Amino acid sequence: MELLVSGGSNPVSRSGWLGVHVVAVFGFLYLPIVILVLYSFNGQGVGGFPPRNLTLDWYRILFADSAIWDSVFNSLEVALAAMLIALIFGIPAALALDRAQFPGKALFRRLVLLPLILPGIITGLSLLMLFNFAGKHLDLLTIILGHGTALISVATTEVFAGLQKLDRAQEEASLDLGANYWQTFWRITLPNLKLSIIGAALLIFTLSMDEIAVSFFLIGRENTLPLEIWGRLRRGITPEINAVSTIIFLFSLAAIVVWYRLRTSAESRQDS
Amino acid sequence: MASLTSPAAAESFTSASKPALLSIRNVAKSFGKNAVLRDVSLEIAEGEFLTILGESGSGKTTLLRIIAGFEQATSGELWMGAERLDQQPPYRRRVNTVFQSYALFPHLTVEQNVGYGLRVARRPDAEVKRRVAEALDKVKMSAHAAKKPSKISGGQAQRVALARALVNRPQLLLLDEPLSALDANLRRQMQVELKSLQREVGIAFVFVTHDQEEAMVMSDRIALLRSGELEQIATPREIYSRPATAYAAQFIGHTNLLKADVSAGIARCGSLSWPASLADGPTLFSLRPEHVRIAAGISGAVRVHARILNKAFHGGTELVRVECADGLILTARIAAGTVAQREIELEFSPADAVPVRESSERN
Amino acid sequence: MFSRAYKMVVTVPPLLWVTIFLLVPYLLMFCYSFWTVSASQTIVHSWTFDNYKDLLQKPVYWQTLLRSMWVAARVMLFSLALGYPLAYFLSFYAGARKDWLYQMVIIPLWVSYLVRAYAWKTILGSDGVLNTLLQYVHVTHHPLDFLLYSPFAVVLTLTHIYTPFTFLPIYAALEHIPRNLVEASHDLGATPAQTFWKVIFPLSIPGVLAGATFAFVLSLGDFLAPSLLGGPSGIMISNIVVSLFGAAYNWPLGAAISLAMLVLVVSLLVVSERLEKKWSFS
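Chains as they are written, first to last, in this note's numbering: chain A, 5 to 276; chain B, 25 to 387; chain C, 16 to 297.
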């Protein structure tokens with residue numbers, strides 16, 4: 005439906021000041037990223053204007069940096085493990101919230117979803133105190149447990165939304181035709197949640213790769229990529245960081261495009 | 025193909041009764057390649073109850089939205105009095121709409137909903153209160169004034185939507201299938217109420233529906249739309265007894281369409297023949313089932329001997345489908361319970377066989 | 016839809032995890048907040064209110080807390096001011112380009128927080144892009160100091176991070192508004208501006224509340240941006256907590272402040288939820 009306001013067919017021109025605002029906000033959102041990418045090729049390093057001496061040197065240095073590579077592998081390990089934990093506990097949680105009634109359900113829902121909105125420092129610190137009290141040394145495992153805990157909420161939210169869209173009649177038909185609850189779950193419910201689960205997995209993986217606040221307190225001797233970058237930032241800026249940031253940006257871009265495609269194909273499947 | 029009732033004829037009809045309020049001139053609307061309205065022209069008289077009737081896809085809702093201002097016509101003009109209406113945004117037109125889904129504002133009470141248009145126009149508080157109370161009283165919703173839309177039923181919401189539109193005293197009220205969400209009994213009741221309300225306030229109503237019975241019950245005139253063009257515009261009686269085309273004959277009420285050949289003043293259809301003073305050539309005739317009676321030997325009537333295929337009970341009458349000697353299938357409406365046998369003698373008067381135009385193919 | 020076994024399998028594992036890794040840690044934090052730290056850097060399990068007294072009485076703590084809330088409030092207001100018109104434009108004016116524009120807004124969300132904060136650092140520094148650009152075009156003659164290592168930098172960066180966060184719930188709420196309500200409002204004589212204030216905005220309030228809460232709460236607890244860009248004047252409460260768990264080694268006091276933050280955040284969430292319910296009409 006076209007919102008008739010005045011003449012003109014171009015949405016931006018039609019909306020006057022609103023259009024200007026929108027362009028400005030997009031500029032604000034993308035400006036730092038654009039500059040970051042631009043300066044990763046800048047011979048003079050960070051700062052100075054305009055950029056000169058375009059070069060790939062920083063990327064070459066980056067690829068030779070073994071500490072960075074180590075932290076990348078650590079991050080991957082953590083992200084995959086956290087993804088598994090979040091899904092293994094998050095999917096049942098979504099099912100429980102959607103279908104089961106039990107005492108303390110309201111409290112359970114709040115607790116599960118709390119890490120989504122809570123600043124990471126609180127989640128990180130509370131877990132630190134747990135590990136300290138239990139006498140557990142900090143290492144990659146504690147980070148995995150931290151990420152898993154924080155990201156269960158993401159899995160639960162995505163799968164819950166997928167469950168809302170599920171047609172109950174399909175499950176009832178399955179039961180009617182003789183399948184029991186377990187068979188119905190594996191043959192009907194789970195396949196229908198496939199897209200929600202994949203979307204959630206992608207989101208969790210990306211969030212875990214970028215996670216700092218919780219990891220900050222649970223780090224042992226081995227660094228994850230964000231913490232490795234963080235450490236270097238404290239010591240001073242090097243353009244290598246621009247290079248690695250640009251690469252992270254590209255991966256994130258790819259991830260979100262895939263995620264969005266999945267989402268819209270799920271929705272269009274719903275409508276057909 | 026131009027409409028049967030040409031603009032000239034329609035105009036003569038209206039100007040004979042009342043002055044034209046809204047003039048729709050050659051309005052066409054396309055969405056991309058899809059032509060939804062093609063060259064529609066009609067006049068709406070002051071104070072009349074006009075129904076725009078058509079199937080889904082006929083363009084009736086689009087036409088209504090163009091009058092309201094939510095769509096722009098691709099070509100053509102709308103004139104209200106001496107002003108061009110189509111160049112004005114919806115909030116400046118003296119036209120109000122009752123939406124199919126009522127579109128009540130969920131965050132406002134019934135009273136605030138009804139008073140919305142008046143408050144937006146910055147009418148004084150006392151006047152708003154008075155007029156809102158009057159409007160609510162007219163639709164019998166005064167007791168629910170302080171409730172929010174989520175707390176009232178569908179039928180009640182429909183009345184509130186009506187009050188909200190009427191309180192602004194528009195020159196024209198548009199109703200977009202407002203009764204389609206109601207159950208049958210409530211629907212019939214609302215049809216009567218709407219009609220008497222319209223008479224009472226004297227505002228022209230333009231009512232859109234796909235239900236031909238509804239159109240017949242309520243309207244002063246019916247404008248039948250098909251595939252974006254005006255098929256016929258006439259009073260209910262006129263459109264029923266003298267349909268212009270085969271489509272009009274079939275859409276409104278039941279009918280038998282007889283493919284006959286006219287030569288030398290006689291129409292022949294299979295084994296039937298009757299006098300018809302028309303030009304020679306193939307002609308389509310519309311014969312209403314209630315004009316096909318059990319044979320009583322009336323002079324001049326065309327007699328038909330037929331075998332009963334099935335009967336449909338309609339309370340006081342039955343709709344009987346019969347097969348004639350040469351395979352022609354007819355539908356007759358007879359008093360219920362009068363026929364028990366398998367064979368039947370029917371007759372009809374030649375005057376009741378109305379010649380109709382073939383409806384042209386449109387995509 | 017549930018046999019007992021199904022119910023058990025579905026509820027027990029998550030319940031267990033949540034209990035062990037969420038409930039118990041919060042309870043531990045509660046306990047820690049009442050303990051003290053001895054002179055020899057060990058945690059003494061004696062129960063006292065001292066930490067809370069410190070929090071309320073020592074200016075460095077409660078002033079920083081208030082300052083952090085002020086920073087969070089500004090971030091909330093700016094990101095709402097940026098995000099709401101954006102959401103409004105996408106929902107009501109964008110037409111066919113809506114989907115594509117939506118993706119464009121979400122993409123920055125997925126780009127690492129660290130990367131974006133770092134980008135601002137390179138832009139705002141005295142040798143950074145902005146300063147050199149301004150001097151290059153002769154608008155200024157020496158670097159502007161306040162750009163970096165100041166509350167300004169923190170508010171700017173956090174606004175940048177959280178604008179997409181406020182955008183999302185507002186956009187969802189606006190999309191939820193049936194378009195025929197807008198048409199009805201126009202039909203009844205209201206101009207687009209009147210329609211916005213009388214119909215669209217009131218119905219979008221739950222989204223605004225959700226977005227505002229999100230931006231405020233997450234900004235309040237943020238320690239990364241102040242650390243990178245805040246300098247001494249931009250220190251926020253979470254930085255203090257970080258140092259209490261680090262160099263300043265006073266876990267109990269840190270726990271007390273964290274708990275205070277937790278209580279503050281949860282109360283805000285409860286209030287926000289109540290208000291959202293009050294303003295939702297479907």
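Hints were generated in silico from the structure; no laboratory data involved. The structure displayed is predicted, hence computed values, not measured ones. Virtual Cβ for every residue (Gly too), placed ideally from N, Cα, C. Treat the hints with care, as some may be off.
[Claimed, not checked] Covered stretches of chain C (in silico footprint by chain A; criterion: 3 or more residues with CB under 8 Å from a CB of chain A, positions within the stretch not fixed):
1. 127-133
2. 174-186
3. 220-226
Here is what the structure says about each hint:
Counting residues of the stretch 127-133 of chain C whose C-beta sits closer than 8 Å to any C-beta of chain A gives 6, which meets the bar of three, so the coverage hint holds. With a threshold of 8 Å between beta carbons, the proposed coverage of the stretch 174-186 of chain C by chain A holds, since 3 of its residues qualify and at least three are required. Counting residues of the stretch 220-226 of chain C whose CB falls under 8 Å from any CB of chain A gives 0; the rule of at least 3 is not met.
In terms of the numbered hints stated before, the structure departs from hint 3 and from no other.
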